[in-house]
Amino acid sequence: MTEQAAGVVGVPRAQRSVAARAIEARKIYGTGETAVHALGGVDIGFNRGQFTAIMGPSGSGKSTLMHCMAGLDPLTSGQAFIGDTELSGLSDQNLTLLRRDKLGFIFQSFNLVPTLTAIENMLLPLRLAGRDPDADWVELIVTTVGMANRRDHRPNELSGGQQQRVAVARALVGRPELVFADEPTGNLDRKTGVEILAFMRDAVNRFDQTIVMVTHDPNAASYADRVVFLADGKIVDEMLEPDADRVIDRMKRFGE
Amino acid sequence: MKGSMLTIAVRGVRNNPFRFVATGLAIVLGIGFFVGTSVLTASVSQTLNSSVTQAFSNVDAAVQSSSFIEAQGFKIRPRISRDLIPKIEAVPQAAAVAPFVTGYAQVVGSDGKVLSGGSPSAFAWISQKRLNPLHLVSGHAPAGENQLVVDQGSFVDGHFHLGQKVRLLPLGADQLFTVVGVMEYKSSNQEAQRLVALSQAGAARVFATTEVNQVFVAARSGTTDSQLVAAVAKVLPKGVETETGAQFRTDLQNALGSIVSFISTALRIFAAVALIVGAFIIYNTFSITVAQRTREMALLRAIGATRRQVTRSVVAESLVIGVVSSIAGTLFGLLLGWLALLLFASLGVRLGTSIALPAGGLIAGVLLGTLITLLAAVIPARRAARTPPIAALRAVAADVVGSSRARATVGTCLVAAGVAVVGLSIGSAAPRPLLAGGILLLAGVLTAGPVIARPLAMVVGAPMARFRDPVGDLARQNAARNPRRTSTTAAALMIGVTLVAAATVFASTLRSSLKEQTSGQIKTSLVVSVDSSAAVAGGGLDPNLEGTIGQVPGVTLVSPLRTSIGEQGGSLISVSGINPATASRAFDPGVDAGSLDALAHNGTVAVSGGTARAKGLRVGSSVRLQLSQKTLDLKVVALYEHNQVMGNWVVGNGVFDATVSGRPLDSLILVNTVPSDTARAEGSIAGLLSDNPTATVQTAAAYAKAQGDQVNTLLYVMYGLLGFSVLVALIGIVNTLALSIFERTREIGLLRAVGMTRRQLASTIRYEAGIVGLIGTILGLGLGIIFGWLASVAARKTFPVFVMPWSSLVLIAVVGLLCGIVAGVLPARRAAKFNVLAAIASE
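For the record, the sequence lines run as chains A and B. Position one of the first sequence corresponds to residue 9 (the numbering used here), numbered consecutively onward. Position one of the second sequence corresponds to residue 8 (the numbering used here), numbered consecutively onward.
What the hints contain is simulated information worked out from the structure, not anything from laboratory work. Idealized CB from N, CA, C, for every residue including glycine. All clues stand as given, with none of them false.
Some, not all, of what chain B presents toward chain A, calculated at C-beta under 8 angstroms:
(1) N485
(2) L758
(3) V761
(4) T764
(5) Q767
(6) V843
(7) L844
All chains, please: the whole structure from these sequences, using the hints.
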């Protein structure tokens, strides 16, 4: 399986490039006295094949950063790039096409279209793009997330964990440049959450997938290669090869 | 607590304006149509009534024939002799006596065409001013045989000027009249329409009789109307009676009112259909909004609201919407009624100059709208009250899927019963069982709707799913996900389409039957006829034409047909007069017994088979009928099968002309030609007809087709009226869809996030609307075809030719699909505008 996977992975780890980056990213909600500076000038890059976790207390701007980098929310000033594409210059149509072709999404809840079966949900972005799925690749992903024998079930026939596995598969199946995950384990029990994180880790290891995950769970963050800490809309710290205890220690210091 | 539930209801309306605008719109349209029709009919009858009352207000007694034929409120009386006038003048209580003469005459405009609209007729000018219903606006009264006065509208429309020489039908082009004046009714708010006034001598010439329709009498001062009537009655011979002016005016009003009430009944039926469709929409809206608010309701229950209180809050909400929209609908109805009057006026039909405000109709509009809204809200309200408090804690609020086995069973049974009833009664073609069978079918389909909606959506949407992947597939899944909602939305459209399709199918039967019967009963190559509006007013072709046409090269046979109204066995009949020497070579009514040639003998009649069977007549029997004021005892000499062209009673021209008073006019002249000369003869005859703008010459085939196509006018009027209920149904689609996308906000956000473009999203929603529209259209077409076919079966004795109008039906299906897609445009645009992030984050 690993050999097969290696065959389909495009970029060797040695030649790492930047999958997405933000320069002087600012996001202000509202105006005047009520203005909220959600992002106060963030510079950050996400390397290809790297699993990055963004952490920080509530209101630190971590979700805003992700939304802005994914083209879901425009920056007030500064720049955001997916690959070499600058987002601020794109129309809604082009942003949509960019999301469809280059990005994958995993949300906290309500991740699937209820009228479609598991496999239809997974293939939806490809169908929307009118692209033919690569059957071997789809098979590999479906098997990897363990949904091979439930592919024709509808979301209401699946458990929360199974639904989230479908969402992971959907995010991966189009071989996006980058997968954004917004609290992907927030609605799951611990055991199921661990499974989902393991799949995501697996995708990075085996398929060289780039993943950016927003989380407040130190244990989830420990699956990442790198943790970026945000507070008050600014990057305040960074940790490579994190483990849960060190992340907890760092998070505790925000309370001080 | 009562007050606070009302507060919640009011807040509910205020906080969700869109869903109430949509519900309200359905009520506004339905009630608007209803009120509009009553405003229209009230305005028309007000105008007619007041004009009649005012114009004839000085008539204290009217003398007329005591025998009459009553048809739809009209009392048709034969004319009486003018010799009575001196006798009445001798009555001491009579201050003034005037002959009233009226009949068909139609003035030809300066452009050589007859003026359209109105009901063309002529009065003889009454010189006694107080008894004359007309007064001069300019010029002078007609004097001598060759002068006439026209009404103001005709004066303008015909571009006449005083002193102008004009033609007057039915007289020929060689007899011209001079326009010497312009007149109006002696009433402020009614225009005379296509009316000319002639001198008494001129009327005698045009109507070819000196007889009079009525004699008007004015009483000497101090004499009451009833004293006058009693005095006048003493000098009258048998067969002539007198009544007071008040009774005379009441009779006139009733006659005019019966047309108005016939039209208003027809309009009410269409208004009722629009209201029923509206009720579906209102019910659906409340069902959906209540389902969406399950959590809110459950929360209210959890914090201590009783079931009754929850029910009451929904009902109160419906009351707020019902009252507000019904008032708006009533105002809209006033506007519609006014617009309709303007529209008719612009078409040359001046129905009324002032708008009437029928208090009853307006109040009924408000009450009806409120009541319907309340009723439509009751079921969802009770459902809301059953919401268990625990539902507040559950995440998803969804409409209950109503595809129960019971529903499927009952629906199937109803359909089966309908089919059985239809099957059993098809042989006898009895209308009532057929109608009952049809209604059972309709009820079955409505009951089974939620069960069949899902499979139907999947099948109907299959082509879209096939060719517009994935947008079409998503649309079809969405249409299938809430079968009850989809079926109710589609049912509203289905009702309108059913009626449209039924009318289309039945009209096709009428059209093709009329066409085939007409062409089958005419043996000649050409037909000369008068246009139907002139024919209805009593117009026709000058019998002298027969001879002229006979001299056209290539013409081998000329055979006329004239008709008049008579009475037999207490009911109104139409009697035709033919030329026995030529008729059997021109007409082919399928003579079963005897011969049309025998009509050459005096005192003979031919009768259609259907009538003969009903009356127990056979060749040799004798029958008594009334024609004009004369009673005829006739011997039956022929029986024939087909009555389309000749009608049910036919006499020879000798009998006809000797009996019918006034100028005989042909309604039809059949002309046969040498085949090679037909086209040339047609041209020559057209030249002969050029001085009668109401006359046309056509080939027999074209005439037959035109006979059939007369049905189209009625069909298009029905389309227009049914259009209203279809419009209401389309608003229902907009409504349901708008509420559904509101419910699916998060899902839409998700789809957009994973790469669905705005355009794809909008198409998905438009297709969903198209699928719902198509379901309604297909079910409606199916039922409509069945209904139309059943009506055709019931009428097959009279209209035996059944032709399925496939192209019209396909057109209806396409229009239905397009209407659905158009209905989806607004919700689609709304959904496409959703902010992706806000949508994902929404609760």
